[in-house]
Amino acid sequence: MNEITPATVAAHGLSPEEYARVRAILGRTPNLTELGIFSVMWSEHCSYKSSKKWLKLLPTTAPWVICGPGENAGVIDIGDGQAVIFKMESHNHPSFIEPYQGAATGVGGILRDVFTMGARPIANLNSLRFGSPDHPRTRHLLGGVVAGIGGYGNCVGVPTVGGECTFHPAYNGNILVNAMTVGLADKNRIFYSAAKGVGLPVVYVGSKTGRDGIHGATMASAEFSEDADAKRPTVQVGDPFTEKLLIEACLELMATDAIVAIQDMGAAGLTSSSFEMASKGGLGVELDLDQVPLREAGMTPYEIMLSESQERMLMIVKPGREDMAKRVFEKWELDVAVIGRTTDTGHMILKKDGRVVADLPIDPLAKASPQYDRPWRAAPRPAVIPAADVPQTNDLLGALKRLLGSPDLASKRWIWEQYDHMVMADTAGRPGGDAALVRVHGTKKALALTSDCTPRYCAADPVEGARQAVAEAWRNITATGATPLAVTDNMNFGNPEKPEIMGQFAGCIEGMRDACLALDFPVVSGNVSFYNETNGQAILPTPAIGAVGLIEDVAKAVAIAFKVEGLTVILVGDTKGHLGASIYLREICGREEGAPPPVDLDAERRNGDFVRRMIREGRIQACHDVSDGGLLVAVAEMALAGSVGAEIAPPSDEPPLHAWLFGEDQGRYVAATRDAQQVLGAAREAGVPVHVLGTTGGQTLTVGGIGSISLPELRESHEGWLPRYMATA
Amino acid sequence: MKAKVHVTLKEGVLDPQGKAVQHALGSLGFGGVKGVRQGKYIELELAEKDPKKAKAEVEAMCRKLLANTVIENYAIDIAEK
Amino acid sequence: MKAKVHVTLKEGVLDPQGKAVQHALGSLGFGGVKGVRQGKYIELELAEKDPKKAKAEVEAMCRKLLANTVIENYAIDIAEK
Amino acid sequence: MKSAVIVFPGSNCDRDVKVALTQSTGREPLMIWHQDRTLPEVDLIVLPGGFSYGDYLRCGAMAAQSPVMAEVVARANKGVAVLGICNGFQILTETGLLPGVLMRNAGLKFVCRDVHLRVEVTDTVFTRNYRKGQRIRVPIAHNEGNYFADEDTLKRLEDERRVAFRYTDAAGNATAEANPNGALRNIAGILNEKRNVLGLMPHPERLADALLGGTDGRPMFEGLAAAFA
Ligand SMILES: Nc1ncnc2c1ncn2[C@@H]1O[C@H](COP(=O)(O)OP(=O)(O)O)[C@@H](O)[C@H]1O
Ligand SMILES: [Mg+2]
Chain E
1 MNEITPATVA AHGLSPEEYA RVRAILGRTP NLTELGIFSV MWSEHCSYKS
51 SKKWLKLLPT TAPWVICGPG ENAGVIDIGD GQAVIFKMES HNHPSFIEPY
101 QGAATGVGGI LRDVFTMGAR PIANLNSLRF GSPDHPRTRH LLGGVVAGIG
151 GYGNCVGVPT VGGECTFHPA YNGNILVNAM TVGLADKNRI FYSAAKGVGL
201 PVVYVGSKTG RDGIHGATMA SAEFSEDADA KRPTVQVGDP FTEKLLIEAC
251 LELMATDAIV AIQDMGAAGL TSSSFEMASK GGLGVELDLD QVPLREAGMT
301 PYEIMLSESQ ERMLMIVKPG REDMAKRVFE KWELDVAVIG RTTDTGHMIL
351 KKDGRVVADL PIDPLAKASP QYDRPWRAAP RPAVIPAADV PQTNDLLGAL
401 KRLLGSPDLA SKRWIWEQYD HMVMADTAGR PGGDAALVRV HGTKKALALT
451 SDCTPRYCAA DPVEGARQAV AEAWRNITAT GATPLAVTDN MNFGNPEKPE
501 IMGQFAGCIE GMRDACLALD FPVVSGNVSF YNETNGQAIL PTPAIGAVGL
551 IEDVAKAVAI AFKVEGLTVI LVGDTKGHLG ASIYLREICG REEGAPPPVD
601 LDAERRNGDF VRRMIREGRI QACHDVSDGG LLVAVAEMAL AGSVGAEIAP
651 PSDEPPLHAW LFGEDQGRYV AATRDAQQVL GAAREAGVPV HVLGTTGGQT
701 LTVGGIGSIS LPELRESHEG WLPRYMATA
Chain B
1 MKAKVHVTLK EGVLDPQGKA VQHALGSLGF GGVKGVRQGK YIELELAEKD
51 PKKAKAEVEA MCRKLLANTV IENYAIDIAE K
Chain H
1 MKAKVHVTLK EGVLDPQGKA VQHALGSLGF GGVKGVRQGK YIELELAEKD
51 PKKAKAEVEA MCRKLLANTV IENYAIDIAE K
Chain G
1 MKSAVIVFPG SNCDRDVKVA LTQSTGREPL MIWHQDRTLP EVDLIVLPGG
51 FSYGDYLRCG AMAAQSPVMA EVVARANKGV AVLGICNGFQ ILTETGLLPG
101 VLMRNAGLKF VCRDVHLRVE VTDTVFTRNY RKGQRIRVPI AHNEGNYFAD
151 EDTLKRLEDE RRVAFRYTDA AGNATAEANP NGALRNIAGI LNEKRNVLGL
201 MPHPERLADA LLGGTDGRPM FEGLAAAFA
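Same order as they appear, the protein sequences are chains E, B, H and G. Residues 1 to 729 in my numbering are what the first sequence spells out, letter by letter. Residues 1 to 81 in my numbering are what the second sequence spells out, letter by letter. Residues 1 to 81 in my numbering are what the third sequence spells out, letter by letter. Residues 1 to 229 in my numbering are what the fourth sequence spells out, letter by letter.
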C-alpha cells in the first residue's frame, strides 16, 4: 500500500482539496509516511480547522493570566511567586471503545500536558456524560470509565477531587469523558514548547514506542458508525506507574537548567510534538528514527511517527546536557535517547537506516493547515414556558425525593469514593460540595476547583446555555468563599460540517464570551471535540467548563453542610420560578422543552460578590449555589451533607409553589448564617435581594404549610440510586 | 465439567505489569529474562455435562465477562473433573 | 527457552475476585457455575538453553517474586520455543 | 525522634507522612531512596502509602525485594520501630515482617473514605497516646486491604493482642457493615510479636491537620515523638 491512491488519501481523512494542497506544498507526491504526517497534523483534533476562527472570540487575558491558549496548558498567577497551570481534555471516542483504558489514558494525557510545563499536578477533575441509564451499555461504560480514571489517578498519586456526571439518551452512542488536571509551579520556572537554538539535541524520554493508537488523532476527528468495533486495535493501554516516574523525573530535571523546550507526546505522538517544537521556534529538525526506543520489532517510519504510545515526552536540551538528562531518567528507570537535533533548514527530515524517509517543510505545513469558515445556522430559540402552564403535583415532598434520586441529581459518592481524593494531604474541601478546595502546599491558601455544564440548557439555547455553564462554574467557586480566576473548556459537539451543529458551536462561543467578559473570568486553555455522533445522531452540545479560584485563607472557606442547629437560612438572588428546561419538568412531568433560565450577568456578579464578601467576613457558615433541581433540592443537599435538617417557609403569593420550590432561576445561593440581621442589612446596601427562608435544626426537612420529610428517607433516595443501579447486572 | 481459561493480552498491546516484572527480575539478578507477559488464569466448574456445550458456554462467558476482547485473547480447556 | 507459570491461590484461601466473577456470571444468566478461582498466568523467555536449569531458575523466581507462597501455589512449564 | 521514610518508585504518600511527622515532632524525617543499602541510625522507619511498582504483580511484592529492605528487616529484628501505612503494610506482609496478606477488597473497588477504627491496644509506641477502646476516624484509600491469614495465625494475633486497630461503626462496634474491604475479623492494623512493627491500611497522616477535617491521626505521631524524646 505504498502507492498513494485516492482511497489511501480518504483513509487518512484528507479531502481531495486538502490533498491537492499537500502536493502543492511539496511540489511532488508525498510518500506514505509524509501523508500520514499531514493527515494527523491537519486533522480536526490537531489543527482546530473548524473551530479556530471562533475560539479567537473568547476573552483570554487578565492581569493574572501568565499564558493563555496556545501552549500545552493555561497559566495563571496566584501570587507569592507561584502559578497554577491547568487544562481539560477529551477522551470520548477511546473511552467508548474501551472504557477503562480510554478513560485511564485520558487522565494520563492531561497530566502530561500540565507537568510538561513545569508544574507538579495537584488535582484532577472529570466531566462525564453517559447515555440513558436504561441503555444496555451505560452501566458497563460508567463502571469502566470510573475504574479507569481511578486506576490511573490513584496510582500516580494525584487526588481526583471533583467532577460531574449526568445522563441523556443523546449520549447513548457517544459518551463524553473530559479530564482536567491542575498543577502548581514556580512562576519563574515555567517551561514552554518552542525550540530555541540550532544544533541542539532532541531527547526522547519515557516508555518505548509500540504500535499503539496509530491513527488516534484521525479517529478522534471522525464520526462513529456501527463498525466502531473494527477500530478496536487502536486502543492504547495506560501505564500509570511509568507516568508517576516520568512526573518525578521531569520535575527533577526541570529543577536544573538543562531543558530548552519540552513537549509531551500526545495525540499524533512524535509527529506533533517534534513538529510543534520546531514550528514554534521557527527551526528545522532532523530525527534519526533508528534511535527511537521501540517496543516491537520491524516498526516502519510511518508507525514510529504516528504511534500514540503513552507516557512519552520530547525535550530539547542545552548542548552538553544530554548526560545530565540521561542520569536523571536512568535513576527513575525510564528509557532515554538522543534521537536528533534542531537545524536551521526549516525542514523536518526523518532518517531511517541511513536513508531520508521523509522531508517536509515545517512552516508551510503548519501555516497552510486548512482553516474552515463552516456554514452555520442558529437554532430557533424555544418559547418561554410560564410556570402556570406546568402542572403542580400534589405531592411536592414526594417530588423532591424523586428529584434527589433521579440520575442527574443523585449523589455521585459511588464515583468519587473510587477516586483517591485525599492523597497529597491538601484536600480541604472534598467532593460532594460545590467546588473542591485544594490547599496550596505549605501555605494557608487554597484553590477552588469545579467543572460544570448543563447540556439540556445548551441544547435548548446554546447562547444562554453556555452563559449558564460559565456562570455556574463561577458560582460554585464563589459559594466556597474563593475568588474565581480563570477557565478551561472542553467543547464537545457533533459533526461541524452540519450547519446546525456549527450553529450550536457558534452560539456556545458567544455565550461563553459574554459570561467570561462580564465575570472577569478569562479562558486560558481548552479543547475541542467534534464529530461526537453515531449514525447521524449528535450529542447535546456540551461546552464543559473547568474553573479555578483562589482563597487567601482556607480557614475562611465554607462548605455546603448545615452543621449547626438554629442558624438562619437565607436565599440570595431573585426567584421568578423558571421551570422551562428544568429537572422538575423532565422528571415529574416527562417533558423536555422550553427556554432555559436566562442568566442576568450583572445580577450574577452582584450577588456572587456579595456572598463571597459575607463568607470572607465570617458572616455565613454554610453556602450552596442553587442549580439543577432548584431551591428545595439545594436546601435538601445542605441538610444531607451535615445531617442537620431545616424548616423553611414559602412566600405567601407569587410564584406558584412548585415553581418557587423547583424553578431553576440563576444567580442564587442558599446560605446559613448566625448573623442574619447584619447580612440582610449588608444586602440592602449592596442592592442584592435576600429572603429569609427559615432555620436549621432537627432531622427532617419541613416546608411550612406542606409537611415534612425525614433526612434518612431523603438520603436513601439521594445516596441509593447510583449504587443500586451499578449493582444490577 | 471443569473449565480452565487463559486470558492474555493481544500481541502488540502494552503490558505494563509484565514490563515491571521483567525489570524487577533483572534487578533481582535474573539476567536474560525477556518477553514477560502477565495474563489471567481462571478455573471454573460447570453443571453442564456435555463437553461441546460446556465449551460454548465458557466461550460466551469469555466474550461477555472474563476477557476484554478489545485487548485480550482467551483460550479454553474443558476437562472431565 | 520459554516458561509458562501458573500462580494459583492455595486451597482454603479466600478468593474475592473469583467469588465476584462467579456472582457476576450468575447475574449474567450463566447458572450452574461454581468454584470460580482466579489466578495469574505469566509467560517469560529465558536465555538459558538447558531445560533443567531453566526450570530451576524459574522456580527461584517464583519463590522470590512471582508467587507469595503463604497463599499461592505455582506450577512451571518449560517449552522449547 | 530521628525517623526515616523509605521512598520506592511509585510511593506517593511519602511527602504526606513527612509533613505529618515534621508537624508533630518538630523534626524532618530523612527520605531514603529504595536503592540505598545503608540506613542511618533512626528511631523510626516508615514505609509510606502509594503504589510501589504500580501495585503490579502483587501489591508490595516488588518493593519488598528492594535493596534497602534487607536493612529494614534487620533493624526491625533489632527492635527499631517500623510503621507501614497502606502500601507500606502490604510491603511488610510481603517481607514476612508481619503475617498474612492483603487481598483485593471484597467489593472489588478502590475505596477512599473516612472509616471508624477502634484502638485495641495501647502498650505500643504507635498507640500509646490513644485510649484503649477509643474510637477514631481516619481515611482509607486502597484497592487491596482485605486482610487474610489462616485460622492459626488469626488466633495467635488475637491471643497475643497483636490486632492494633479494627474497623467499626460510629459507635465502636466491629460489624460487617462497618468493614470496608472484607478484612477477616475487621482487622485494620496488626503488630509483630515484639510489638515494634505496625502495619495498618488507614492513613493516619491524612487526618492529622484540622484544616483537612480532623486530627485523629495525630496522636500516633505525637506518641512516637514522646516515646523517643
Ligand atoms: N465524575 C465525578 N467525579 C468526581 N466528583 C464528582 C463527579 N460527579 C460529581 N462529582 C461531585 O459531586 C458533587 C455534586 O456534583 P454536581 O451536582 O455536578 O455539583 P454542582 O451542581 O454544584 O455543580 C460535586 O462535589 C462534584 O465534584
Ligand atoms: Mg453547585
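Quick caveat, the hints were computed from the structure, so don't treat them as lab data. Just so it is clear, CB atoms sit at the ideal spot from N, CA and C, and this is done for glycine as well. Check the hints yourself; a few may be wrong.
[Unchecked claim] Listed below are several chain B residues computed to face chain G (Cβ distance under 7 Å; list not exhaustive):
hint: 1; residue: Val13
hint: 2; residue: Gln17
hint: 3; residue: Ala24
hint: 4; residue: Gly26
hint: 5; residue: Leu28
Hints versus structure:
1. The interface hint given for valine 13/B is broken, as the beta carbon of that residue sits about 15 Å from the closest beta carbon of chain G, more than 7 Å.
2. With a least beta-carbon distance of about 4 Å to chain G, the hint placing glutamine 17/B at the interface is held under the 7 Å criterion.
3. Annotation: alanine 24/B was flagged as interfacial toward chain G, and the flag holds, the nearest CB pair being 4 Å apart, inside 7 Å.
4. The beta carbon of glycine 26/B comes no nearer than 11 Å to any beta carbon in chain G, farther than 7 Å, and the hint placing it at the interface is violated.
5. Taken as an interface hint, leucine 28/B checks out: its beta carbon lies about 6 Å from the nearest beta carbon of chain G, inside 7 Å.
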